[in-house]
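K.L.:
Here's the letter readout for the chains.
2 protein chains.
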Amino acid sequence: MTKEISESQSEKLTEILRYININSSYYKRVFAEKGIDIETIKKVEDLTKIPFTTKDDLALYNDDFLCVPKSKISDFVTTSGTLSDPVAFYLTDKDVERLATNEAEAFRCANGSENDIYQLMTTIDRRFMAGLAYWMGARKMGAGMIRVGPGAPFLQWESIQRFSPTVLIAIPSFIPRLIDYALENNIDFKSSSVKSILCIGEPIRNPDFSYNELGKRITSQWGVKLYSTYASTEMGAAFTECQEGKGGHLNPDLLILEVVDEEGDIVDEGELGEVVVTTLGVEGMPLLRYKTGDLCNVYYEPCICGRNTTRLGPVVGRKQQMIKFKGTTIFPPALFDVLDTVPEIDLYQVVVSKNEFGNDEISILLTMNLETPLFKEKLHSLFKSRLRVTPLLKFITAQELNHRIFKQEKRKPEKLIYI
Amino acid sequence: MTKEISESQSEKLTEILRYININSSYYKRVFAEKGIDIETIKKVEDLTKIPFTTKDDLALYNDDFLCVPKSKISDFVTTSGTLSDPVAFYLTDKDVERLATNEAEAFRCANGSENDIYQLMTTIDRRFMAGLAYWMGARKMGAGMIRVGPGAPFLQWESIQRFSPTVLIAIPSFIPRLIDYALENNIDFKSSSVKSILCIGEPIRNPDFSYNELGKRITSQWGVKLYSTYASTEMGAAFTECQEGKGGHLNPDLLILEVVDEEGDIVDEGELGEVVVTTLGVEGMPLLRYKTGDLCNVYYEPCICGRNTTRLGPVVGRKQQMIKFKGTTIFPPALFDVLDTVPEIDLYQVVVSKNEFGNDEISILLTMNLETPLFKEKLHSLFKSRLRVTPLLKFITAQELNHRIFKQEKRKPEKLIYI
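Note that the protein sequences, when read in sequence, are chains G and F.
Take the first sequence: its letters are residues 6 to 424, numbered as in our numbering.
Take the second sequence: its letters are residues 6 to 424, numbered as in our numbering.
Pulled out of the complex, with its shape left as it was, chain G reads as follows:
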């Protein structure tokens, strides 16, 4: 990052620290307990004087993070709650505008312009921040948007044919279903208006930026360009790939990023670490040094695209999602990646549970039509060769599996559950 960027970040940091010091009962308590004088924090490097904020802090003291009276709240949001109960986030009108700015910038980074038409395949309901961010961002950029929401392949294709969107915004594991629906219904998807897909919620690349199995599966069938984006409710901002596809770019106006090792020290170029964010310009619930739990490789070198902002590689896993299975450490994306290589598998759910000894167990739910000795044998050896372990396979009806994965009350398909 350039000197200019870091100076501008330092200024914004000073601003938000003063704001928090007046308005956040949580951080006022932390500052008092730790004897922190925020006036001594002049630049990004000084941030280390402040302790990390964890997911547990957020859950335990949720409303203490709120910096405005509730009457100033414009939008009430909750986190997905992948690993625990959903946490509340409160957006003021200014925060909604920040979200729009963030997303318009993210769209532009992914080669978008006011001439694009976006088809939104995630929900704006269910207290979900991302769906709203996309809609606000497209409007801010002057682009068009078709708010279709999740699932419903028929309606997705009908919308594509009716309104000719240029970009889809989707959870990438939905795209093979969309392609299958087109194939089954003789829809000429290859000559559709769609040029690219903005992929959210799941990685489409390996840490070396080559497509992972899901990415390969999509692009081998459909000549579209994939852009990855990584974001979370807590950061209220996104890391989105440019056309070079070498990691998601930081928006330095909205976030200070630290990628840290187990000891909390900044990791070097290309190394894996936990993503830690300090949110700039947030009015409702600003966070200082928030540990996301997400593990990514970080790249500080300028990008070929000309941007010199820090980039993050795909999320390799979440710290709390680390599975210790038969002595091997596995993150769920590695399991997805194996399953995505198998063309026969259209639907799957990974179930992680504890056995009687408190150890992790992994089961894979698949559709009944695959339950043949040959297929089981094939999948077992694939897992063995790729991950050195073989999860348990369970076969249920396609209807039941569909029902388990695409729950009406959930915002995202449940490819992974912990029981």
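By construction, these hints were calculated from the structure, which means they are not laboratory data.
Watch out, some of these pointers could steer you wrong.
If chains are identical, the list can't say which one is meant, so a pair holds when it fits in one copy or spans any two.
Within a straight-line C-alpha distance of at most 20 Å, the following computed EDC-like cross-link-like pairs (lysine to aspartate or glutamate) qualify [said to hold, decoys possible]:
#1 75 to 163
#2 399 to 382
#3 200 to 163
#4 99 to 119
Knowing the structure of chain G, use the given hints to seat chain F on it.
P.N.:
Only chain F this time, still in chain G's reference frame:
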């Protein structure tokens, strides 16, 4: 309506006519064919020189109504398609802003203020205009909003308990389900934060403004105030009740309203007629004298609340939804009203079909637990006494009925289907 209002409307009409005359290929054709000089249309009364626009015109010449290049479209919307295939509507950025203005005004009319927190129980997905309008309106008014979306009683109550909304926005037939869920799960709904419910999509009143059976059912169990609102994608504006509950108020800045009889003549105070709208200030797809098909009683007299804008009573029916059953004319709301009086009935679907002679048939789908001779007898005589006819009763599992009514791909519960 005052002289001021009608002068202001005449000005806005002149403006939109000039705009349409330049930009709408559909209306340019109509003006040419009928030899209409728009400069001779100086005031609202002159509108009769222009022919009505029908649902068929919209469907047949959909894109000919569009007045801007597609790159200027911000939001792509479709109508619900209750009676035919969905029709496309195109909103420019300015139209989205008009939607926000309309809804903020509607909220204010229903006694709302910037201190209210709205819980949205309809979707913002599925290319639905209303959901978006509510969100935009609440933000414009400076109120808060919890975007929950349809269904999911657990999530609705969790949101109410977590965020203390003051107003729910809901399809009223969902409310008995919400109350039942509270009763079954020992949720103290009577002392919740909810003060009122903005009811969309279905009437809660009789033409004399007393609550209909659904309205009675809700208010007898829950001490909340109900406000009715009537709107459609085509008008991009809403008629919303004030606290007097004497019909939905016209927003004269956004719509010119004509309520007409079969001959197309304006009906008198209190009479029933078809709602016809001319949309003011619309940039994407303005409509002139659009026949909605909705039948309402109209009230021109000033309201007790002090507003002197025209009001519409509840939608008595839709012209195309008129059922001729065993020689009797019935509109679906009359059937709903009978069914809503029966406390045992939690779920129902009205199925209208044609028999071999081309006549209408009505079946009512109910849950199996009600299939007793006593209950059937009771329902038969109720229909007989209220509507003089007895529809066919069919009993299926609650799960199947639920599945038929609350379809994931639909924006609204399907209480009525035509097959």
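K.L.:
Compare the structure with each hint and give your call.
P.N.:
Evaluated hints:
1. 75 to 163: between (41 Å within a copy, 18 Å between copies)
2. 399 to 382: Within one copy only: 13 Å inside a chain, 49 Å across chains, cut-off 20 Å.
3. 200 to 163: This pair counts as within: shortest intra-copy Cα distance 17 Å, inter-copy 40 Å.
4. 99 to 119: For residue 99 and residue 119, only the inter-copy Cα distance (15 Å) is at most 20 Å; the intra-copy one is 23 Å.
Comparing the model with each earlier hint shows no violations; every hint is respected.
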